[in-house]
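Using the sequences plus the hints, can you model the full thing?
Residue numbering for the sequence shown is 1 to 168, as defined by this note's numbering.
Simulated from the structure, these hints should not be mistaken for laboratory data.
For glycine and all other residues, C-beta sits at the position ideal for the given N, C-alpha and C.
Just so you know, not all the hints are guaranteed correct.
Stated by the list, open to error - Computed cross-link-like contacts, BS3-like style, restricted to lysine-lysine with a CA-CA straight-line distance of at most 30 Å:
#	residue 1	residue 2
1	85	4
2	121	102
3	85	121
4	85	102
Claimed, not checked - Here are the computed distance ranges between Cβ atoms for each label pair:
#	residue 1	residue 2	range
5	144	44	41 to 49 Å
6	85	132	22 to 30 Å
7	7	115	30 to 38 Å
8	24	131	33 to 41 Å
9	72	95	15 to 23 Å
10	72	140	20 to 28 Å
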Amino acid sequence: MERKRFEGAPCPIARSVDIVGDWWTPLIIRECLYGVNRFDDLQRWLGIGRNILTRRLEQLVEQGVLERRAYQERPQRYEYQLTDKGYDAARILLAMMPFGDKWQFERGREPIRVFDRRTGKRVRPVVVDAETGEPIDPRNLYAGPGPAFPADRGVRRERFSEYYQRKT
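Next up, the structure:
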């Protein structure tokens, strides 16, 4: 069954789901972030079928998330490196880590920690406001239409703003 696509949706979350929203893609991005970049290594670490991995890697290259680079001529073999877009997608996964640590593991028993390559210090990912640097609490947010919200959805635009402002 083909999954629904959101490339035309006026929503950055829906469009992001088009890139990272299937079962395997976040795990492939995670492994590339951790330095597992070759097909056979990805397949072994993830336990994913070759056909599925091939398809996902092709999609990630097409979408500009990964770049395919030859590392061997005969036989020709490739490795996959995160692009700038791929590193931005990896931020989504890093933002998921505190959730997984808090709700899926005992306190102090998280299986993976991340560290800053430059300092060696532990990093604890958190989503912050780019303007203030303050952690974001979703309970204090509401959404409203931006400048690119489709004009043909004018009534929806008004209701959108009214609804989300009322929820606070």
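Hints, one by one, checked against the model:
| no. | hint | in the structure |
| --- | --- | --- |
| 1 | 85 <-> 4 | 22 Å, holds |
| 2 | 121 <-> 102 | 21 Å, holds |
| 3 | 85 <-> 121 | 25 Å, holds |
| 4 | 85 <-> 102 | 28 Å, holds |
| 5 | 144 <-> 44: 41 to 49 Å | 46 Å, holds |
| 6 | 85 <-> 132: 22 to 30 Å | 26 Å, holds |
| 7 | 7 <-> 115: 30 to 38 Å | 36 Å, holds |
| 8 | 24 <-> 131: 33 to 41 Å | 35 Å, holds |
| 9 | 72 <-> 95: 15 to 23 Å | 35 Å, violated |
| 10 | 72 <-> 140: 20 to 28 Å | 52 Å, violated |
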